[in-house]
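In the order they appear, the protein sequences are chains A and B. Following the working numbering, the numbering of the first sequence begins with 9 at its first residue and continues without gaps. Following the working numbering, the numbering of the second sequence begins with 9 at its first residue and continues without gaps.
Errors might be hidden in some of the hints.
What the hints assert, rightly or not - DMTMM-like, lysine to aspartate or glutamate: derived pairs with alpha carbons at most 20 Å apart: (1) B:LYS132 x B:GLU153; (2) A:LYS132 x B:ASP189; (3) B:LYS132 x A:ASP66; (4) B:LYS132 x A:GLU380; (5) A:LYS381 x A:GLU360; (6) B:LYS347 x B:GLU386; (7) B:LYS132 x A:GLU360; (8) A:LYS132 x B:ASP66; (9) A:LYS132 x B:ASP63; (10) B:LYS381 x B:ASP367; (11) A:LYS347 x A:ASP375; (12) B:LYS381 x A:ASP239; (13) A:LYS132 x B:ASP367; (14) B:LYS132 x A:ASP375; (15) A:LYS340 x B:ASP239; (16) B:LYS340 x B:GLU386; (17) A:LYS229 x A:ASP239; (18) B:LYS340 x A:ASP193; (19) A:LYS381 x B:GLU380; (20) A:LYS132 x B:ASP130; (21) B:LYS381 x A:ASP130; (22) B:LYS229 x B:ASP325; (23) B:LYS132 x A:ASP63; (24) A:LYS381 x B:ASP193.
Unchecked claim - Ranges between beta-carbon positions, derived for each pair: (25) A:GLU153 x B:GLY383: 19 to 29 Å; (26) B:ARG298 x A:PRO248: 33 to 43 Å; (27) A:PRO240 x B:GLY297: 26 to 36 Å.
Since the hints were made in silico from the structure, they are not lab data. The beta-carbon is built from N, C-alpha and C at its ideal position, and this holds for glycine as well.
Each chain, written out:
Protein chains: 2
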Amino acid sequence: MIRACLSALALVLPLAAHAQGGVGSALPGTAAEARGTGDLGVVIERATGSVLVVDQSDRAALCRVEGLGDLSHASLTFSPDERFAYVFGRDGGLSKVDILTCTLENRVVQAGNAIGGAISDDGKLVAVSNYEPGGVKVFDADTLEQVADIPMGSKTVGLADAPGSRFVVATWDTGEVWVLDHSADPADPQVTQVKGVGANPYDALMTSDGRTYIVGLFGEKGLTTIDLWADPPRPRRILPDYGKNQPDLPVYKMPHLQGWTLAGSTYALPAVGLHQVLWADAASGAETGRTDVAGQPVFVTARPDGRELWVNFATPDNGTVQVIDGMTREVKQTLQPGKGILHMEFTPRGREVWLSARDDDKVVILDTRTYEKLGEIEARAPSGIFFTTRAHRTGL
Amino acid sequence: MIRACLSALALVLPLAAHAQGGVGSALPGTAAEARGTGDLGVVIERATGSVLVVDQSDRAALCRVEGLGDLSHASLTFSPDERFAYVFGRDGGLSKVDILTCTLENRVVQAGNAIGGAISDDGKLVAVSNYEPGGVKVFDADTLEQVADIPMGSKTVGLADAPGSRFVVATWDTGEVWVLDHSADPADPQVTQVKGVGANPYDALMTSDGRTYIVGLFGEKGLTTIDLWADPPRPRRILPDYGKNQPDLPVYKMPHLQGWTLAGSTYALPAVGLHQVLWADAASGAETGRTDVAGQPVFVTARPDGRELWVNFATPDNGTVQVIDGMTREVKQTLQPGKGILHMEFTPRGREVWLSARDDDKVVILDTRTYEKLGEIEARAPSGIFFTTRAHRTGL
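So that you can see chain A by itself, here it is in the shape it has in the complex (with noise of 0.2 Å):
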């Protein structure tokens, strides 16, 4: 009878569930019980095709789940409830994994590359940008059935969610913005196209109010805002010299706007190719200053709080993470946390950092005043870190 009972109870225990292996595998100490999932998080494993996830509280993982395909350039998604993630893998695959019983629970090819997705406001669209074969396709997020198609005759790059089941994305090859609203009839959407945008976006950023979609530029200086609360939303060109500066300097990666912050009306910014983080006041787009740092930045991430911003940098100084003081916008300390680090995320009220540490194959923890590690976790060439606090934020 005892271990009828057990049977029955493995039915019903989320953690324990995949425990004997299959798709997802319990690591040691997995908890096999009800739990709260606000201090979850998900780590991309790139190399492996797998995600860890990882408890906040306990500083610990609790499962990994494999399957995923390329997760060479990979991003994710929460739903409302903080339960599923939404995994945009680089070979248009999507995948929906449940955290907490550690099962990767559908997975659709959609596309032949992609390059990232977002979540409708109301948590019932996820939306994936297309290089292959373009444009947007949307899909029902408790189905993954195919909802909408939206070709645009181009690549599409920076999707992003806005209020009122909206999204919102740039096209590579014709320069345009597409608004897409689905609150009517998410099937068909309403869409808004603007033009002149200027040539070929690469990535764009939509600030947390959802108001304001800002577009790098590959083909051109500058960088081009829209204020989507504007009838009709226009294109407006600011900070004319950002981007590449000369057509040989070396640029060991283009800085994902992501990587942009903004504290109070400042913009903090990494500047391309140089060893710069640049300035910027939000209200005019003018530049307001520059700190010099060690290396090219790829991340300048505001601590929660806007006191502090911490900067990664890419290869060959990506063992490297600098603190700006917000403030005096003077470098306040220069950390050696690990090789490779590729992302930093902070604990959604800014107590911790952790950060992938993708060469020694960790996540690495650190007290975000006293700069002390406060932990590892083993992870196979983790990337990025999304805590579930992300399901509530407008604009990812």
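Based on the hints, put chain B in the right spot on chain A.
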């Protein structure tokens, strides 16, 4: 054997555990399974000493927990994993509710008369602000054992968390602000006293970055702000005309400062005793305009994108809610969602607003763009509505 198995299951299944009665009671439709907690919430039932656990996704109540004492002026905070709610009752009761299993896990009566609390940024300490005997007491978030007792020779108000295991509170009798830093020793906080804050602080507000603490004064006009990044922090008076205008002016309810909103660089705040919302520049503290509204405003709450502000009112106008356009500062919508609207809570990305209609014994759910009613939930004289996303915010 089946019965024995079911008994075993009942021990581990979260929401079914108390379906047979006891402290928690499951409502019809309760799901007996593990679930994410990112879309849960808690509604205070002020007259019955109970709380209702609600599900944002299903727009439904999950269960009720009773036995929390006097909740006539109650608030709560959440643990970082979004599983536990710490409920601060008027009678000095501190209750820890497990919203997954729907149980009152622990309860201590820690004072004779209390006025709110906060949780530290590492989730380890819960602080309570007391009228009687005054001061602040700090408890272990896990066990509710007392960790520290900080008498201040005064009633205390406006307790809020700040980054780095700190709490900030104002003293009614002595006109001070105390900063308690528990980072080195939880049991023996380092205390910074800011004197000369003004006569009789009655409430306070922390900005969401944990930098600026704003104190409302009952004994004189104006408000006092303190920049917690300054060393030492000093009081600065703003809005010198803010407050009760004539001694004989009837003020039906002193507005909570949590009713303030910071939208961009502008504060929107309820005028005391007047049928107006005031606008002020956050940097200078100067008033920049007024909007006439339908009654004495209580809460002026920004939709998460900041484009609209929703306003509720003191009696006799507490059946009305108005929506102000954040760009034009004009009232764009007047609603009558129910009787005795005490509180408004937005879903994290602003798609819906939930309103407590105390005198209708229900929670009313509106679409924030169409203003259509999306649902209702029966509740006993509901007051505060708290969604779990608050676990991730600073300064609550």
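Quick rundown of the hints versus the structure:
Annotation: proposed proximity of LYS132 (chain B) to GLU153 (chain B) holds, straight-line Cα distance about 12 Å (limit 20 Å). The hinted pair formed by LYS132 (chain A) and ASP189 (chain B) fails the criterion: a straight-line CA distance of about 42 Å is larger than 20 Å. Restraint check for LYS132 (chain B) and ASP66 (chain A): the C-alpha separation of about 12 Å stays at or below 20 Å, so the hint holds. Pair hint LYS132 (chain B) plus GLU380 (chain A) holds up; C-alpha atoms about 19 Å apart against a cutoff of 20 Å.
The hinted pair formed by LYS381 (chain A) and GLU360 (chain A) meets the criterion: a straight-line CA distance of about 10 Å does not exceed 20 Å. In summary, the hint linking LYS347 (chain B) to GLU386 (chain B) is supported, as the alpha carbons are separated by about 13 Å, within the 20 Å threshold. For the hint pairing LYS132 (chain B) with GLU360 (chain A), the CA-to-CA distance comes to about 14 Å; that is within 20 Å, so the pair holds. The straight-line distance between the Cα atoms of LYS132 (chain A) and ASP66 (chain B) is roughly 12 Å, inside the 20 Å bound, and the hint therefore holds.
Distance restraint check for LYS132 (chain A) and ASP63 (chain B): the Cα-Cα separation of roughly 16 Å lies within the 20 Å cut-off, and the hinted pair is therefore satisfied. Distance hint between LYS381 (chain B) and ASP367 (chain B) is fulfilled; the C-alpha atoms sit about 18 Å from each other, no more than 20 Å. The straight-line distance between the Cα atoms of LYS347 (chain A) and ASP375 (chain A) is roughly 19 Å, inside the 20 Å bound, and the hint therefore holds. Between the alpha carbons of LYS381 (chain B) and ASP239 (chain A) the distance comes to roughly 27 Å, so the proposed pair goes past 20 Å and is violated.
Between the alpha carbons of LYS132 (chain A) and ASP367 (chain B) the distance comes to roughly 33 Å, so the proposed pair goes past 20 Å and is violated. Proposed proximity of LYS132 (chain B) and ASP375 (chain A) is supported: the alpha carbons are some 15 Å apart, at most 20 Å. Straight-line distance between C-alpha atoms of LYS340 (chain A) and ASP239 (chain B) comes to about 17 Å, which keeps the hinted pair within the 20 Å bound. Of the pairs offered as hints, the one joining LYS340 (chain B) and GLU386 (chain B) is violated, with about 29 Å between alpha carbons and a cut-off of 20 Å exceeded.
Using a Cα cut-off of 20 Å, the hinted pair LYS229 (chain A) and ASP239 (chain A) is violated, with the two alpha carbons roughly 26 Å apart. Among the hinted pairs, LYS340 (chain B) with ASP193 (chain A) is inconsistent with the structure: their alpha-carbon atoms are about 25 Å apart, more than 20 Å. For the given pair, LYS381 (chain A) sits about 50 Å from GLU380 (chain B) by alpha-carbon distance, which is inconsistent with the 20 Å threshold. A C-alpha spacing of about 32 Å is found between LYS132 (chain A) and ASP130 (chain B), which places the hinted pair above 20 Å, so the restraint is violated.
Between LYS381 (chain B) and ASP130 (chain A), the direct Cα distance comes to roughly 16 Å. Compliance with the 20 Å bound is thereby established for this hinted pair. Our distance criterion of 20 Å between C-alpha atoms is broken by LYS229 (chain B) and ASP325 (chain B), whose separation comes to about 25 Å. A C-alpha spacing of about 16 Å is found between LYS132 (chain B) and ASP63 (chain A), which places the hinted pair at or below 20 Å, so the restraint holds. Distance check on the hinted pair: LYS381 (chain A) and ASP193 (chain B) sit about 19 Å apart at the alpha-carbon level, within 20 Å; holds.
Our hint of 19 to 29 Å for GLU153 (chain A) and GLY383 (chain B) holds, since their Cβ atoms are close to 25 Å apart. Hint check: ARG298 (chain B) to PRO248 (chain A), Cβ distance near 39 Å, so the stated range 33 to 43 Å holds. Roughly 28 Å separates the CB atoms of PRO240 (chain A) and GLY297 (chain B), a value that falls within the hinted 26 to 36 Å.
Of the numbered hints listed earlier, those contradicted by the structure are 2, 12, 13, 16, 17, 18, 19, 20 and 22.
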